[in-house]
Structures are given as structure tokens and as C-alpha cells.
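Below, each chain spelled out in residue letters.
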Amino acid sequence: MADIATDVHAHVDHHHDDHHDHHHKETFLTKYIFSQDHKMISKQFLITGMFWAVIGALLSVIFRMQLGWPEETFPILETFLGKWAEGGRLSNDFYYALVTMHGTILVFFVLTAGLSGTFANLLIPLQVGARDMASPFMNLLSYWFFFAASLVMFASLFIQTGPASGGWTAYPPLNGIRDLAINNGSGLGLDLWIGSMALFIVSTLLGGLNYVATIINMRTKGMTMWKLPLTIWALLFTAVLGILSFPALLAAVSMMEFDRLLGSSFFLSEIIINGQLLDHKGGSPILFQHLFWFLGHPEVYIIILPAFGIVSEVLSVHSRKPIFGYRAMVLSIMAIVVISFLVWAHHMFVTGMNPLVGSIFVLFTLIIAVPSAIKVFNWISTLWRGNLRLNPPMLFAIGFVSMFISGGLTGIFLGNSAIDIQLHDTYFVVAHFHIVMGVAAFFGMFAGIYHWFPKMYGRLMNNTLGYIHFFVTLIGSYMIFFPMHFMTGLPRRYYTHSNFTTFDNFGGLNEFISIMAMVVFLAQLIFIFNFLYSIFNGYKLKKGEENPWGATTLEWTTPVERLHGNWPGDIPAVHRWPYDYEVNGEPFIMQTTPLKEGEVEH
Amino acid sequence: MAEAATIDQNKEAQLWKGGKSPFGSSYGKIMMWYFLISDTFTFAALLIAYGALRFAQVESWPMPSHVFDSVPGLIDHGAPLVFVSFMTFTLILSSVTMVRAVQEGFQMNKWGVVKWLIPTIIGGLIFLGSQYLEWSHLIHNGMTMTSPWSSSSGDFVSTVNFGQLFFTITGFHGLHVTFGVILNSWLLIETLKGRFDRVGHYEMVEKVGLYWHFVDLVWVFVFLCFYLL
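These protein sequence lines map, in sequence, to chains A and B.
Under our numbering, the first residue of the first sequence is numbered 1, with each subsequent residue one higher.
Under our numbering, the first residue of the second sequence is numbered 603, with each subsequent residue one higher.
Some clues are possibly wrong.
Said to hold, decoys possible - In silico SDA-like pairs for lysine to any residue, Cα to Cα no more than 20 Å straight-line:
hint, chain 1, residue 1, chain 2, residue 2
1, A, Lys281, A, Ile182
2, B, Lys631, A, Val376
3, A, Lys321, A, Val376
4, B, Lys631, A, Val202
5, A, Lys540, A, Thr558
6, A, Lys221, B, Ser749
7, A, Lys281, A, Ile271
8, A, Lys31, A, Thr48
9, A, Lys281, B, Ser749
10, A, Lys281, B, Trp751
11, A, Lys31, A, Glu561
12, A, Lys281, B, Ile650
Honestly, the hints are just simulated from the structure, not real lab data.
Only chain B is shown next, with the shape it has when bound in the complex (with noise of 0.2 Å):
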């Protein structure tokens, strides 16, 4: 019975394909692809309403350096972009490991795809908890969706839409981290649970890595835009 499921189940299988798939890859993953095309259109709104706005009053946008220039609980000012280095390493150190994580998948090894996700999801929340830090250090300093960011000595007061953007493009992008926590942790635990030994392959592990590695890269140009430029 088992055995004639199987032989009818190859048959159907053949009969499946239309052809080749234009990108030779699963349904999932192309599913996953044009999700991160569609969030990247996200995104892009948003920064391009940042730049917008930015660029229509220049003298008044703050220099990143002086905003940003704290380690929350360690130094108070003089330490510019310490802090947000910190974070990006972390950030960008939590890709590496969901690297080896799909790796170990892509070989069937439960306890190396575990070994790696644990960091992963560990780099992740020590990201968010970063973040956490960093906007109750701002908000402490006075700004917030409503009132401006100004320089310690009060002589610079800047415009309230640097921070109005910078707490929501960075509150989407965190967002996106605490989202990919959580499927993290979702794989972790199914993964313990042996469920994608079950199934055969470790594809949902790439799938989610697909997306970590995009709120990776988005990361990258909220970091640009922010504390570079």
C-alpha cells in the first residue's frame, strides 16, 4: 500500500514540472525572493521620504557624530558611533552564523544546524537590546516623535523630522529583527523537534535565512543614512 503510494506519487512527480523553472529554485524560495523585493519597496519609500525631506533643510539636520556620539551606561558623550559599530558588528556577526546554520541544513545536520542558530538568535536579541538602549538614551536627551534633537551646549536645535524618521525607519527595521527572532526561534524549535529531518530537507531554514540576511542589508543602508551621511 505504502509502497504503491510512493510509485504513484514518482509518476505524479514527473508530470508535475511545466518545463524548467526560469529561476531553478523551489516555490518557497521564490515566494521568499519576491516578499524581500516587496519589503525592499518598503524600504525604499521610506528612505526616499527621508531624503526628501532631508534635503529640503539641510542646515538644520544634525551631524550624526554629535547625535550619536554615547555608549548608553558607559560614556556619555566623546564616543562617537561606538556604539552603533557595535551593533552592526553584532548585527552583520548573526548573518555569518545563519550562514553556517543553512550550511549545516543543506547537510542534514541537525546539531550543527542547532549549534549555529542559538548564536543567531543570540546576536539578534542582543541587537535589539542595543536599540532599546540607544532610543531610551535619545528620548532621555529630549527627542522624540514630536520635539527635536539639540546639541548638549543648546546652541544647535535640529529639525523634529530627523527624529521623527529616524525613530520610525529604525523602528521598522527592528521590527523586520524581531520578526526574524522569532522565526528563529520557530526553527529551533522545530528543528529540535526533528520535524525537518522528517520532511528531508532543512529548505524552511534557508528560506528564513534568506530574510535575515535581507534585514541584514537593509540594516546597512538605515546605518548609512543615519550615522554616516
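Next up, chain A with everything else stripped away, as it sits in the complex (with noise of 0.2 Å):
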């Protein structure tokens, strides 16, 4: 299959020389919607991303109205979304609903598919020095099962009954019976989101094949494994975990529908509904939580781990200085990617297991400290006296360093399942995780934007524009979620609070989060004005710009216009690693630059 493209050539030699091809006239649809260039399907992967950001914050902007002003009614709310707000107060099954499908939008299709989809087809062929990925074909159809998972995911969003509700784990049994009775997302919706769930899990595993197979060995003359850009390594270690993890959320989720639909029962044990006794027996509800977790938890990890990359590439670049500690580096992705199967358990501490078990579990979550501690001391290292350029991608990974510190400290606390047992459930989770993989991941989103635009779109994108996204978004969303860690003992999940005089005291609180949460909503609306009117209205980059930031990578060596097989020649070989800034008394050498007489290898 991955040879269909190839085979054309007569080719003893089957290496990747089918997509340089330039006697071949492309259409429209070839171009623009089919296209096989990863440059295109990259832009692809982020627009798409970019759409479903919005749905998800969106949704989150909704539910944040509840929670602001639980006994208030907004009569537009009724406007949009009609049965579900009558009167103007939101259905306590909608929200649910909403919140359901702002997990899944933003962990799936947003921070995994819009994230490293984006960057990994647009850096990877780019930065090894491939003419595109190892088969453009697999690579076209692991955008369109996104596409078309997309496509589910949204129409169920506008069925009869509302989209899934039972919350993005899609826990059994709340999930696990097709009964209306018990909550209308456990009809169609959650029905159309496991079938959207697995042609997501088509397209990862297609996208990562290609991600992997194409580091390992499309990398261009002299470009060894360890001359690699970091964002690289990052890229293919997440695909490394999304191609062994995602199959266990595979396995889950069709026990489930057969649960669902064949009345098996995998999950399902002993359940009375309106005083019926269910035919269900012998399943357990706390084995589809170890098989979720089990992809739930590199999950995280794949959320992070292209950030770290782009963070690390982009942080070297602009504080003109090597990465500090490059191979320390590169052995902590490993380290975490290791470790990250060991942990899954970490979700499941107030499910009645085993102390024993437990500890185990408690000892790796906190082993994996470690491996993060050493990546963000590096950071902080590689800023140390560097000469800073301090431009929107570069505030972005700075503002990730910041994030990522802050979340990972919340992170010691929930590890200990001693403390977790207390504050599970509570918004000190919602806390931690919002910073450390939410906000976290979308600053070294943005910070890959905002560096490689000039690379997607031969422009610019606005400098004051970004300015004023970037402090907009740092400072809210430290509003947002830096109160919640004190908002102790109120669980989360809750559609109202007001019955519970405890928590009165909260309220203002409440407020003030939603009032900035619809700050920081705004402030990405202007992300994305300056993202489209750049498009067409940016600094257009000149002949002899193509190397706007002054990097070494090879990305930077290829023509402005886009180009399918991306060099017009030969493709340059590779002499030295990605981070020679400031020596032999230059601001930069490109890895193409041969080394110098007497000059050794980093």
C-alpha cells in the first residue's frame, strides 16, 4: 500500500523519489483539497484544529455562564441552542453534554490531531530533509479519517437527543447501556462519538506510521539520529505513543458498543434502572477504566510532548543559543514515554484498589518528575544570558516554561494518592490539568505558529496582534485557573452549586473565572483574525528572507514559495547539529555548512 505511489517508477532502489515530480499539472482539487504535499495537509491538520478549537472553547464559554450565574437565565442562550436552555438557563443534561464534548474536542481533536497532525507533517519531511513523508498516500488518508471523524464528532453535536454527556472517559456503565432513561447522551450521541472515536484512532495510527517510518529512514545525507532537531525527536516519540496506546482505547470502546448494542456485558454487572434488575452479568466497570487509562494517560503525554519539542527548537532560536543540555534532552523524552505506561493507575486511586497497587503507581507518577524537572531546567538554562528576542513565539514558549512549572507542581500533590484521594474530583484536578496539558500545549502551539507561519505562508504574522494575544491569554488564564486550586473540597462536574451552603462563598469566585474565561475566549479570536488577515495581508517574505529567525535548521533552507517536493535541486546534506548559534564568533551556522578544518563534531 505505501508503495502504490512508488511503484510507477521502475525503481530497483525503493526510495522516496516519487514526489519530486514536476512535469505533473496540479489541480484544484489535487492542490488544495486531495493534496498528497505534507506542507499542504499540515495546513490542513491546523485549520481544522483551529475550527474545533473554537466549537470546544466555545462550548467551555457556555457552561462557564452556568457555573458563573447558576439562578441567572440568558435569554440569547435560548436563541441558539433552543429545548436545551428553555427559558434561557441552560439543561442540567446539556451541560453535561457540553462538557462532555469540550474534553473530547479539546484533548482529541484540537491538542492531538490539530497539534501534531500540524507539526509533525509540516517539520518532519522539512527538518530531515525529505522530499515529503514516506507515503503521501497514507499521509492524505489519516487527514480525511480525521476529516470525516470530524464530520461525526460535529453532526452529533446537532442530533435529536444532544451529543454524548456521560463525560470524555465515556466511564461504564453510565455509558456502557443505550438507555435514554438514563441520560439522553447515551442514545445516538455517544453511539455516533465511539464511531467518530474510531476513525480518529484510523487516522492516528496512519498519520504515525508514516511520522515514524519517515524519521527513521527518509533522513537525509549525514542527518544521523543525533543531529536531529528536538522538535523531531518530540514529533516521533509521539508517534511512537500514539501507534502503542491508542489501541487499548480501540479495544475499550468496542467492548463497549457491543455492550451497548448486543446486550454483551464486558463493563456491565448487576444494574437496576426504575427498579429493573438488567440482564447484564460478570463485566466490571473498572476494567474499561484500566483500558481507558491506558491510552488516557499517554494521551497527555502525546498532548506534551510536541510542545516540548517546538518549545525547546523555538526557545534555542531566539535566545540565539544552543539547547542547553541537547541529549539530556532527548533521553528525558524517553524517559517520560517509558514511564508513561506505568502510570495509568494514577486516575484510578479512589476505585477500592489495592494500597499496594497503589503505591506503585504513586512511586512512577513521581519517577516522572524527574525526567520533566531536568527538561525545564534545561529551558530555563538555555534562556540563561541568552541575547532574547522577545517576539510573540518566543513569549509563547517562555509563557509554556511558566505553565508547564505550574501545573507540574499541582502534579507532586495529585500524585500522592494519599492527597488524591482527597482532592479527587475537586477543582484542584480541573486546576492541574488546565495548566500542565491544557494551556501548556496551546502555548507551545501557538509558539510553533507564530515561529513557522513564515515557513506555512511565506509571511509574517502581526507582531502588536500577538503582543496583545499573548498577555491577554498568560495573565487570563492564570485568572482562570490559579483560583481553583483554592476553591478546596468543590467538586468539579457539578452543574449547580447553589444548594450547598458550603460552597457559598465561592460565588464571586465563580464569576470572576467566567468573566475572564470570556476574556481569554476573545483574546483567541484575535489569534485568529491576525492568523487569517496575515495570510493574505502579512509582511510578504522577499527572495534572500527565506530565513526570517536566522535558524540552522533545514526547514529555513527551502524556497519561500511552496514548493511540492520542497528544494528545487538536490537536497542539501547535513554536517553539523541543529543549535550552532553564536560560535566560531557567528550568529549562526546552518546545518548544511560543512565543518570547519579543525572544528569537531557537537
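With the hints as a guide, bring the two chains together.
Written out as C-alpha cells, the structure reads:
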């Protein structure tokens, strides 16, 4: 399958030379829609991801309105949501649907497909020095499976019974029974959710296989593994994580759909609904949690690793300094990847697991702080005494480090089962994971978009709007999530807390958080405006300005205009590592520059 | 013109490599290996579910030799594991013929590939047919996704999870065999059309071969879990 295109050429040595065929005239359809060019596919992923990000964030604004002013009515909600907000008050059913879809959309569609889909596609062939991915056709399929998954998920938002509303983790038994008596979303909404996730898993698999094969086999001459930019290392391990962890989700949701449609009982046992005992017997809902979190925990690293890579690259380029501890960075990613498969049950400390088993998961969870801390210290050391250029990509990269530290510290609290049992399902957890994998990953993504926008569109983004976007987002995000740490004991997932006098004193704080959420949402619209406006009206790079940041990596050696095949002539060979800044009295040395006489390889 | 292009390509070929591939194999095979690792995890997840559910209800788990003791259409009872041994043997034999097809592919022997692909496909089809017979026999005797297996005397009723896991896991494996038969048939057609001779290598046969052996290997584990333990 991978060879379909290659086979056209009678060629014994099956290297990938089918995609610098400039004789083919590209039609609109093959250039923009069913494109096999990795750069176009990356834009498709990015724009689809941005579309989803707006939807996902908008959903959170709606449910924040409910949380901030639980007794108020908003007629505008009824205008748009109809029966889900009768009289302008959000129905409790739809509140859960909003939360569920917010989680699903942001975790999978934005921060998995949108983030690693965009940057893996854009950067892997360009930074390793390849004409395109190993299999451009599979790459095309990867995007279109994602698109199909998106269509199904988007459709589920509009069906009569509403989208899935049992949480993005889809725990049984709540989600294991296809009965509208439980909640509206457990009908067709959840069927579509499961179908969409299955398509999504296929997309991740096709993409991941391609990324791994391209990085391992398609590097240009001289590009040894230890000369790869850290972005590529991060994307390689992201792909490996996806390949190994998503199968568990596939198995779990398949079995759950059998429970729902065929009446099996993998995850169900002795359940009574409305006084009636169901037939399901023998299954274990905890089993689903194990399978789910075997995906779910590596998933958070699938989200954060591309941001790690992007931030390492951006920090080094814009502080005009070599990255501090290159090998330590790579090894710590490896360590994180391995340990991330051994910590999943720290999401399940309150399931009644054996404390001994719990303590093993505590141990591994705390160990994972070590490679994470190594990375943080290396980023800070990279900044140390650097010649900082505080432009939007750099600011977002620094903001990422700030967020990652703030969110990482609360991870140490939550990793201890004794404390976690107290904090489980409270706003402390919400604050922790939103800061460390939500906002931080978004900051990494923004850093990447501002940094590589000139590569994608041949133009620069507007700096002023970038600064506004950054400062409002940074301060706003802290304003949203920092207070949540101190809402001690306030349970998450509650539609309203006004019935509990204990939580009355959080009313004002909740209002404040909701207002901040809206402010941050509006700031993202500035970014989207900047992005779209700059595609057509940004400062256009002229010939000779291919490398606006003065970076050393291969992608900046390609011409400004898009070229299917990336380099007009031969692919450049690589002679040195990607972080030669301020050495030999030069501001930077491209990877393609041969070593000087007497110079030792890094 | 054509010659110039060849020279150009050779020059390019020298520039392609970024050192050696760490695994010393082509990108296509690396993709297949990674896919198989991924698929291993899917089967592993299913078999872990099997283990977790089985050991939670050991008493109501049936003896395999009591469940699988018939040869559909021939012997109703008293032939434990005979039929499944036949199925397993057929599948393993089809792996052997696949090895021969790959071997002939290395030697660029078109008719050799055709000769060994045909029995491979037939082996896969026999396996699938046998699975159909076995499933319908079990369903006929009352074991489905919702109702348990019970002994003919009726004094032992198993947990419903037994049948559910059996149908899910052997079904998932059967789906893989079906896909493998489709791939092998596609290979056969393309070989007959002379595609791989034109391309200059039979690597596609090797890649599908990897998949086919994997499906075989998975069956060994499925066989172990449901028929032996």
C-alpha cells in the first residue's frame, strides 16, 4: 500500500523519489483538497484544528455562564440552543453534554490531531531533509479519516437527543447502557462519539506510522539521529506513543459498543434501572477504566511532547543560544515515554484498588517528575544569559515553561494517592490538568504557529496583535485556573452548587472565573483574525529572506514559495547539529555548512 | 533524456540517506512492523480483558474440552479439540506456503509466487469456513453474545462472558484473516498482471507476509486462551 505511488517508477532502490515529479500539473482538487503534499496536509490539520478549538472553547464559555451565574437566565442561550436552554437556563442534560464535548474536542481533535498533525506534517520532511512523507498517500488518508471523524462528531452536536454527555472518559456503566432513561446523550449521541473515535484512531495510526517511518528512514545525507532537531525527536516519540496506546482505546470502545448494541456485559454487572434488574452480569466497569487510562495517560504526553519539541526549538532560536543539554533533552523524552505507560492507575486511586498497587503507581508517577524537571531546568538554562528576542513565538515559549512549572507542581500533590483521594474530582484537579496540558500545550502550539507561519505562508504575522494575544492569554489563563486551586473541596462536574451553603463563598470567585474565560476566548479571536489576515496581508518575505529568524535547521533552506518536493535541486546534506548559535564568531551556522578545519562535531 | 533522468535519480539516491536506517530495512517494512506492534496492543487489550473477567469468575468458566468437542457435520460429541486442531493446522500450513511465496519473490520468480500464493489463500478461506461452521454450531447450541454456554446434560451453565469474549476475540481475529485473504488475493492479481516485475522487487509480498504470519501468531495465543487453558 505504501508503495502504490512508488511503483509507478521502475526503480530497484525504493527510495522515495516519486514526489518531485514537477511534470504533473496540479489541479485545484489535488493541490488544495486531496493534496498529498505534506505542507498542504499540515495546513489542513491546522485549520480543522482551529475550527475545533473555537467550537470547544465556545462550549466552555457556555457552561462557564452556567457556573458563574447559576440562577440567572440568558435569553440568548435559548435563541441558539432552543430546547436545551428553555427560558434561557441551560438544562442539566446539556450542561453535561457541553462538558463532555469540550473535553473530547480539545483533547483529541485540537491538541492531538490539530497539534501533532500540523507540526509533524510540516516539520518532519522539512527538518529531516525529505521530499515528502514516506507514504504521501497514507498521509492524505490520515487527514481524511480525521476529517470523517470530525464530521461524525460535529453531526452528533446537532442530533435530537444531543451529543454524548457521559464525560470524555466515557466510563461505564453510565455510558455502557443504551437507554435514554439514563441520559439523553447515551443514545445515538454516544454511538456517534464511539464511531467518531474509531475513525480518529485509524487516522492517528496512519499518521503515526508515516511519521515514524519517515524519521527513521528518510533522513538526508549526514542527518544522523543525534543531529535531529528536538522537534523531530519529540514528534517521533509522540507517534510511538500514539501507535502503542490508542489500540487499548479501540479495544475498550469496541467492547463497550457491543455492550450497548448486542447486550453483552464486558463492563456491566447487575444494574438496576427504575427498579428493574438488567440482564447484564459478570462484567467489570473498572476494567474499562484500566483500558481507557492505558490510552488516557500516554495521551496527555501525546499532547504535551510536540509542545516540548516546539518550545525547545523556539527557545534556542530566539535566545540565540544552543539548547542546553541536547542529549539530556532527548533522553528525558525517552524516559517520559517509557514511564508514561506505567502510571495510568493514578487516575483511579479512588476505585478501591489495593493500596500496595496504588503505591507502585505513586512511585512511578513521582519518578516521571524527574525527566520533566530536567527539561524545565534545561529550558531555563537555555534562556540564561541568552540574547533574548521577545517576539510572540518566544513569549509563548516562555509562557509554556511558566505554565508547565505551575501545573507540574500540583501534579506532585495529585500523584500521591493519600492526597489524591482528598482532592479527587475537585476543582484542584481541573486547575492542574488545564494548566499543565491544556494551556501549556496551547502555548506550545501558538509558539509553533507564530514561529513557522513564515514557512507555511511565506508571510509574517502581525506582532502587535501577537503581543496582545499573548499577554491577555497568559494573564487570563492564570486568572481562570489559579483561583481553582483554592476552591477547596468544591466538586467538579456539578451543574450548580447553589444548594450547598458550604460553597456559597465561592460564588464571586466563580463569576470572576467565568468573566476571565470569556476574555481569554475573545483574545483567541484576535489570534484567529491575525492568522487569517496575515495569510493574505502579512509582510511578504522576499527572495533572500527565506530565513527570517536566523535559524539553523533545514526547513529554512527551502524557497519561500510552496514547492511539492521542497527543494528545487538536490536535497542538502547535513554536516552539523541544529543548535550552532554564536559559535566561531558567527551569529548562526546552518546545518548544511560543512565543519571547519579542526572543528569537532558537537 | 531517459538516461539523463536515471543519472539524476542515482545522484539523488546517494543524497537520500541520512546515515543508515537503525533497523536496516525499508520504510515500508518499518511501517508494517510498527503497525503489527500496534495491532499486538489491540489484541493484548482484548486478552487482558479476557484474563480479568475470567479470573473474577473461575467457577463458572467452562472446560474447553467440553465446549469444543464436536466436528460440525460429522461428530456431535466426544471429539474434543479435533476440529480446532484442524483449523490451527490449516492456518499454520498457510503460513508455510506464504514463506515459500516470499522466498520465490526474492528470486523474482513470478510463477513461483503465484504457485504459493494460491494455497495460502485457500488455507485462509478454509480457516474462515471452519470458523463459520464452529460459530454456527455453538450458536445453534445456545451460546450467543447474551446467553451462556450450557452442557448438554444441562447441569453446568457457564458465565455469559465466556461466549462474549469468545465471539469478540475470535471474531476480531477472523476479521484479520479476512483482511489477509483480501490482501493475498490482491497480491495474486497484481503478480499476474506483472506489476512487481515492473517495479523490480517483490517487497509487497514480503510485507503482506509479515502480516499473515502475525495473524497466525495471534491465533496461537487465542487458541491457547480459549481452547487449551
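Here is what the structure says about each hint:
1. A:Lys281 <-> A:Ile182: holds (19 Å)
2. B:Lys631 <-> A:Val376: violated (37 Å)
3. A:Lys321 <-> A:Val376: Holds: A:Lys321 and A:Val376 sit about 16 Å apart, inside 20 Å.
4. B:Lys631 <-> A:Val202: Holds, because 19 Å separates the two Cα atoms, which is no more than 20 Å.
5. A:Lys540 <-> A:Thr558: Within the cut-off at roughly 16 Å; holds.
6. A:Lys221 <-> B:Ser749: Status violated; Cα separation ~62 Å.
7. A:Lys281 <-> A:Ile271: Within the cut-off at roughly 8 Å; holds.
8. A:Lys31 <-> A:Thr48: holds (17 Å)
9. A:Lys281 <-> B:Ser749: Measuring from Cα to Cα gives roughly 11 Å; hence the hint holds.
10. A:Lys281 <-> B:Trp751: Answer holds: A:Lys281 to B:Trp751 is near 14 Å, not above 20 Å.
11. A:Lys31 <-> A:Glu561: holds (14 Å)
12. A:Lys281 <-> B:Ile650: Holds, at about 19 Å.
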